[in-house]
Amino acid sequence: MTDNNDHHYNMAPRRKADFHIPPNHLKMKVGYGGLTDNILDKAQALLENNTADFRPLGEMYLDAMMRGVAAVKALPNSTTDDESMISAILFPAMQLKANGGMFHYYLVTQISDRLIQFLEVIDEIDPDAIEIMQAFHTTIRAILLGQIKGDGGQRGSELMKALVDACYRYFEKHPEKKTS
Amino acid sequence: MEKIYYNNISNFSNFLWGGFLGPRRFVVMSYKFDKVRILVVEDNAPMLDICKSLLLTFGVGEVLSARNGEEGFQIFRKENPDMILADWMMHPTDGISLTRRARNDPASPNPYVPVILMTGFSEKKRVVQARDAGVTEFLVKPFTARDLYKRIAQIIERPRQFVRSEDFFGPDRRRKAVNEYNGPLKRESDGALAIKQKQRMKSASMHLDEIRDKAGLNKGDKFDITDIDFS
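Chains as they are written, first to last, in my numbering: chain A, 1 to 180; chain B, 1 to 231.
These are computed hints drawn from the structure, not numbers from a lab.
Please note: incorrect hints may appear among the correct ones.
Once the Cα atoms are required to be at most 30 Å apart in a straight line, the calculated DSSO-like pairs of lysine-lysine come out as [to be verified]:
hint, chain 1, residue 1, chain 2, residue 2
1, A, Lys-73, B, Lys-125
2, A, Lys-42, A, Lys-29
3, A, Lys-16, B, Lys-124
4, B, Lys-150, A, Lys-29
5, A, Lys-29, B, Lys-35
6, A, Lys-27, B, Lys-35
7, B, Lys-124, A, Lys-149
8, A, Lys-173, B, Lys-124
9, A, Lys-42, B, Lys-35
10, A, Lys-27, B, Lys-52
11, B, Lys-125, A, Lys-161
12, A, Lys-29, B, Lys-78
13, B, Lys-78, A, Lys-27
14, A, Lys-42, B, Lys-32
15, A, Lys-42, B, Lys-52
16, A, Lys-16, B, Lys-198
17, B, Lys-150, A, Lys-27
18, A, Lys-161, B, Lys-124
19, B, Lys-125, A, Lys-173
20, B, Lys-202, A, Lys-16
21, B, Lys-32, A, Lys-27
22, B, Lys-52, A, Lys-149
23, B, Lys-32, A, Lys-29
24, B, Lys-125, A, Lys-16
Here the structure is a predicted model, which means the values were calculated and not measured.
Only chain B is shown next, with the shape it has when bound in the complex:
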């Protein structure tokens, strides 16, 4: 039987329950993309063709296309697609500006539209720049068919809540679960979280002190944890 890429537990349990009902009633479900419409915005014609073909192979019902951010926004306004797949570098309007308009322009038909930004940049500062513009997913070129599929599946299975603050509207930039987040706490609602974070830091610091005591080291001494005998 063909392997299916399960994206969450409930899908996997559907698979298992199908198994319990007996081999003849074994049901494997897969995504039906036929009702989905995706707008691809890319100024490089061969690349635009590749993206369209990939999406059509995935079974996407309709792939709309535009050659730059300006044209892309006009089509987005008119057609209101379910998702936008845009290149970063385009003239006269790039993928970042298109994302900002989709999120903030009063003429935008859906400010929550998922945007996947394609780019050759992979440096952290570029990812942060895209994230701050309201991009939902970042796809580094060159990519494989599975890379593109994973971004789409992520949008479907793990949609992010949206945040509106004085200077930002877009998908929550804190991707990881709250108790894993270690970045700056800038939201008013972060008070309790900040206390928890501080407690974790304190506990980690105490643990380090304990290790140093056992190893006979002074505060500030550097050590390699693999060299310490804890027996």
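Bound-form chain A, shown alone:
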């Protein structure tokens, strides 16, 4: 067996790589052991008891998302750069997902996560996709205005289910849009 046999015809040529093991200065500074449960519980309590108001930030991300949606709607189909348009909506959605849960709005995180999954799958924007994005936007805004913290209980599950069903209906109508 030769080296060439292991090489796929389509593979980039093997590259030279140098390896370095940098000194572990951090280990030298911190020593051995770990952190106690007590410290980690204190840190977690700090996260859970933080009183920062997420709504102004959330509104800012929602506005950015809406600007993205508006930009998509304003452009004729032939000139729409779908990837950059999806990004204009995807990035604020990602910020909502990331930060909602850090400030007690877990339902915002869950719903935004669904929106991200939807945006990561579609590679073209059409009027039906815009309608779905608007539905997500309206729902998240309602959660922020209603200050629905945590998972939103039964109402939260219902909202989530309605949005997930809308995504399923979209892919049933447009099976060609499902890229993965």
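Assemble the complex: chain A is given as a structure, and chain B must be docked to it using the hints.
Chain B only, in chain A's frame:
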């Protein structure tokens, strides 16, 4: 007694030896973060405050902060912290660009600096994008205090070797032990490894053939291993 999160065997053996020496000489060691300096780069002010508070609760001696990647790089140059905790999405310079500069800019005071990238993205393609920029650890938001601690402990206890190739400089992207790695073998030094990998594949294929023979199946027939009677 309080539970300690041990990060490797040697720490655990220290704990046991402490026990053998008798209860009065029982020694439990814990990390001393007081000499550690960490730079947090985050454009969201409440989130920046949370990160700083978490690190200070862990006992970190000094937490530096910056509001975007550009400012972060200037502070990194000036202060040379022990670690960077950066958000991905920031304007004008994001966490990925900051990582690339920390690794490759001639003005970087420490190209080996550990970088933890915080982001809401968890899709594989995003993780790969961050890894290819030279990020050391990936922390998905929202996270818990333990999630952050685990990433820091990983950097301390399992530091990765650095790789320099024509188009990459950063922590070794093959995180798993070599004999578990199943990805493409692109390095010149991979010849022997490729042979081993091929042998494993061949052995697995022979094993599958054996199972099919015993079950009376033809090559290409799909089967559920739980349905096959091996008696």
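Cross-check of the supplied hints:
no.: 1; hint: A:Lys-73 - B:Lys-125; verdict: holds, 28 Å
no.: 2; hint: A:Lys-42 - A:Lys-29; verdict: holds, 23 Å
no.: 3; hint: A:Lys-16 - B:Lys-124; verdict: holds, 26 Å
no.: 4; hint: B:Lys-150 - A:Lys-29; verdict: holds, 17 Å
no.: 5; hint: A:Lys-29 - B:Lys-35; verdict: holds, 6 Å
no.: 6; hint: A:Lys-27 - B:Lys-35; verdict: holds, 11 Å
no.: 7; hint: B:Lys-124 - A:Lys-149; verdict: holds, 29 Å
no.: 8; hint: A:Lys-173 - B:Lys-124; verdict: holds, 27 Å
no.: 9; hint: A:Lys-42 - B:Lys-35; verdict: holds, 21 Å
no.: 10; hint: A:Lys-27 - B:Lys-52; verdict: holds, 21 Å
no.: 11; hint: B:Lys-125 - A:Lys-161; verdict: holds, 27 Å
no.: 12; hint: A:Lys-29 - B:Lys-78; verdict: holds, 20 Å
no.: 13; hint: B:Lys-78 - A:Lys-27; verdict: holds, 23 Å
no.: 14; hint: A:Lys-42 - B:Lys-32; verdict: holds, 17 Å
no.: 15; hint: A:Lys-42 - B:Lys-52; verdict: holds, 14 Å
no.: 16; hint: A:Lys-16 - B:Lys-198; verdict: holds, 21 Å
no.: 17; hint: B:Lys-150 - A:Lys-27; verdict: holds, 14 Å
no.: 18; hint: A:Lys-161 - B:Lys-124; verdict: holds, 25 Å
no.: 19; hint: B:Lys-125 - A:Lys-173; verdict: holds, 27 Å
no.: 20; hint: B:Lys-202 - A:Lys-16; verdict: holds, 28 Å
no.: 21; hint: B:Lys-32 - A:Lys-27; verdict: holds, 10 Å
no.: 22; hint: B:Lys-52 - A:Lys-149; verdict: holds, 24 Å
no.: 23; hint: B:Lys-32 - A:Lys-29; verdict: holds, 7 Å
no.: 24; hint: B:Lys-125 - A:Lys-16; verdict: holds, 25 Å
Of the numbered hints listed earlier, not one is contradicted by the structure.
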